[in-house]
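**Q** Just need the whole structure built from these sequences, with the hints factored in.
Heads up, this note's numbering is the position in the sequence shown plus 10, with the first residue counted as 1.
No lab work stands behind these hints: they were computed from the structure. We put the CB at the ideal spot given by N, CA and C, even for glycine. Hints are supplied without guarantee of correctness; some may be wrong.
[Said to hold, decoys possible] With a Cα cut of at most 25 Å, we get these calculated PhoX-like pairs of lysine-lysine: (1) Lys148 / Lys190; (2) Lys119 / Lys133; (3) Lys225 / Lys133; (4) Lys190 / Lys133; (5) Lys252 / Lys148; (6) Lys242 / Lys190; (7) Lys252 / Lys242; (8) Lys133 / Lys242; (9) Lys148 / Lys23; (10) Lys23 / Lys190; (11) Lys252 / Lys225; (12) Lys23 / Lys119; (13) Lys119 / Lys252.
[To be verified] Derived Cβ-Cβ restraints for the label pairs, each shown as a range: (14) Ala232 / His56: 36 to 42 Å; (15) Thr152 / Asp127: 15 to 21 Å; (16) Glu157 / His121: 21 to 27 Å; (17) Leu158 / Asn253: 33 to 39 Å; (18) Pro124 / His68: 20 to 26 Å.
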Amino acid sequence: MRIDFHTHGKWTKQTSFSLLYFEEMIENARDAGLDATALTEHFNTHQFFDLFHVLDDHYPYVGDYYDVNGFKVFTGMEVDVREGGHILFIGPRASIQEMRLQLEANTEKEHFIPFSDLMELGKGHPLLVIGAHPLREKTPLTHIDPELLNQLDAFDLNGRDLFRQGLEQMQVEVAAFAEKIGKPVVCGSDTHLPIQYGAVYNDFDHDCQTAVELKAAIEANAYRIGISPVLKTRVGAAETIKNVWKKHKKQDSIKSV
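**A** This is the structure:
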């Protein structure tokens with residue numbers, strides 16, 4: 011099973027969830043050779059619960075994933091913590107939704123939940139918990155107590171960081187950081203755009219149906235990470251598209267003043 015652990019189903023946090031856009035994303039993921047993704051939408055995205063409502067209406071939910079015509083979309087979310095940094099939670103739809111409800115008062119930057127409190131919130135749920143882009147310049151996890159980080163299941167070798175901060179350098183540095191904490195590394199593209207799928211991936215030795223099974227396979231080292239030889243092309247194109255969109259949005263905002 012080939013899976014990407016860090017993906018988004020929306021163009022930006024501000025946009026509404028679109029089934030058409032989501033389905034285009036999944037078709038591109040399939041074309042890129044993936045069998046599964048974890049849909050780790052930002053917990054403070056616009057109308058977070060809408061994506062579940064839409065997908066519930068169109069696809070069966072099996073194990074911990076939506077079955078999108080044979081393609082697995084595991085449910086999850088990405089949460090900002092007060093210390094800076096982001097944490098990925100992957101697991102049962104009900105667990106993700108319950109945790110998100112408990113984070114309702116923490117969606118604004120000045121009210122982000124402390125890391126230790128977030129981990130406490132996740133206890134009792136059958137989750138796979140990943141430290142997202144741990145060495146990202148703006149949102150690193152390096153300043154959080156290593157004993158607290160030890161509660162994570164893995165760290166994210168992030169496609170966008172590999173593009174922005176250096177392919178070889180980032181691989182070495184994330185591996186060294188993860189080894190220091192005593193945790194494995196998995197890959198996530200961090201894509202918001204169809205073209206970015208396939209930039210990085212994880213090949214598992216066998217199929218998994220739940221987050222608990224994924225976690226067990228990671229602990230058993232029954233997987234391999236992969237980096238596309240055209241990562242720079244895939245991520246670079248996505249970054250260009252997003253930058254052009256931001257530029258036009260800024261110009262439109264100025265014109266409307």
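**Q** Tell me the numbers of any earlier hints that the structure contravenes, in ascending order.
**A** 6, 8, 10, 11 and 18
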